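Read top to bottom, the protein sequences are chains A and B. For the first sequence, numbering that gives the first Met the number 0 assigns the number 0 to the initial residue and increments by one for each residue that follows. For the second sequence, numbering that gives the first Met the number 0 assigns the number 0 to the initial residue and increments by one for each residue that follows.
It is worth saying that the hints were derived from the structure and are not from the lab. Every clue listed holds true.
In the DSS-like style, the derived pairs of lysine-lysine whose C-alpha atoms are separated by at most 25 Å in a straight line are:
1) A:Lys106 / A:Lys18
2) A:Lys106 / A:Lys67
3) A:Lys106 / A:Lys15
4) A:Lys106 / B:Lys197
5) A:Lys15 / B:Lys197
6) A:Lys15 / A:Lys67
A few chain B residues that face chain A, going by a derived Cβ cut-off under 10 Å, partial list only:
7) Val192
8) Leu318
9) Ser324
Every beta carbon over 12 Å from chain A, so not counted as near; a handful from chain B, in silico:
10) Ala24
11) Phe79
12) Gly157
Fair warning: this is a prediction, and the values are worked out from it, not measured in the lab. Beta carbons are placed, not taken as given, at the ideal position from N, Cα and C, and that holds for glycine.
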Amino acid sequence: MRAEPEGDDLTSMAGKAVKTVGQALQFMEPGPILRGPPGGPVDVPVFYEGVPLDIIHYDPYRKAPSPKGRPVHYPAEVDEHEVRSIIGRVLRESYALMGAEYREPEKAWIVPVAWRNLIILHVRVSWDGGGLLPDPGLEARLRRIV
Amino acid sequence: MASLTRLLLWLLRDRMLLALLILYAILWLASPGLMRESYEYPDYGVLSLVAALMGGSLFLDASGLLAEAARRIVVRGGRFPFQMFLLAVALMSIPVLNDAVVFVSVPLALSLADMVGIERGIAAAYTVSAVNIGSSMSPIGNPQNIIITHYYGLSHAGYLALAVKLYLIPLLLLVGLSPRPRGRVAPCNPPPVRVRRKHAILGLVNVAAALILDIIGRPVLVLPLTIGTLLLDLQVAAGYDFRVLMVLWLAYADLRSLSLLLHLSPLEGVKAYLAAYGLSQLVSNVPATIILLGSSWVPLSLGVNLGGLPLPQSSIANLIALRLSGLNPRRYVRVLAPLSLILFAYGILVSILY
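Just chain A, with the same shape it has in the complex:
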């Protein structure tokens, strides 16, 4: 049984998780667009080293990412190449926020990533803060679409 983080450990592990995400950001990649039913939101999965981490909501009206919790419904087709290139640029300009939330059921830290003043991504990091965790739900969604 591994020890659960507690006390000062918690602060240092959260700090390590934030640092891990900061280092990983430059290697993150946008994947193929995920669209729901016609007129649905445009979501872009973010990959790190071949594993999907989370989705970024894309706002086709502003040609920019939309914050978490605000998917943008869009009735027309979007240019996939353009969207991927915009999100690729956004990822290079993003940064890990200096704080993490711990999710007990997943035994993982959740580190928010921001672009300008918007939180656009949540990255799961292992309980010790040392490694990034894939999102199995997103993996499944990708397989159904691709």
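Based on the hints, put chain B in the right spot on chain A.
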């Protein structure tokens, strides 16, 4: 009702499934007597093995194990990280189904391409080819090899021993022709992906059980294990694409009936190779294998495996790679044209010698 419509639309979005369903209906109209026995044509051992390996591969992908293994090899890749990566990807495609390896390796190849200064499209095209060639060496690496080993009653060890000899030269050619990094590669060690142990163990147990039960000739017995594993994690199970199994069942039923209806005779040597290679470009390599079952197996294997490289539609793995990377299909063909031509000639030479 709405979810039923969504399921139906999802099923019909698979063009190959739609085409095979239409062909199935046409064959029923043309020859009802023949089609009444169509349920006997599929090899249920092959279907069970593919179903189990798909489940195992799904869990291995979700665990992050494959991505982390590839990352470690790249970090130790020294002056040739991309070449090491291609070899690692080919090696991974021996025990894991090719489509699953493509899901992990193509996004990883794009990150690596930026790191070492290689064009991303070239990296994606070479990566999917490494998966295709690596999986050709294995009796369980891709559906066409599973079909061939079952139909001709080949042992896993026997197939592996010969296939390694057949496909080692293509793999070395691929690695040799792959682009070198521009300038000196700056050493970098990106943070690791933490492997989800539960998923990795479930994936490995499924693949190992499928392999053992297939070797002892009871592949159908693996199905309860696969179904049980999928029920353990419904989030991962949601990615299980059972359309692949429907396509495989229909491909057997349609194409074996068609072969009987048209009295297609088995082919030998170069003729078998050229037919397999050509058909792979028209209908993709798995249906091409089923149409040509009965022909000499070595040229057939060469034709469908090397024939899976040149065009996007030659293999499902290529289509997945294009979708994941956003690579233009024409660019894909152009990048791989020199390698495809050399390997096409290599296949002719080996088919003559055999």
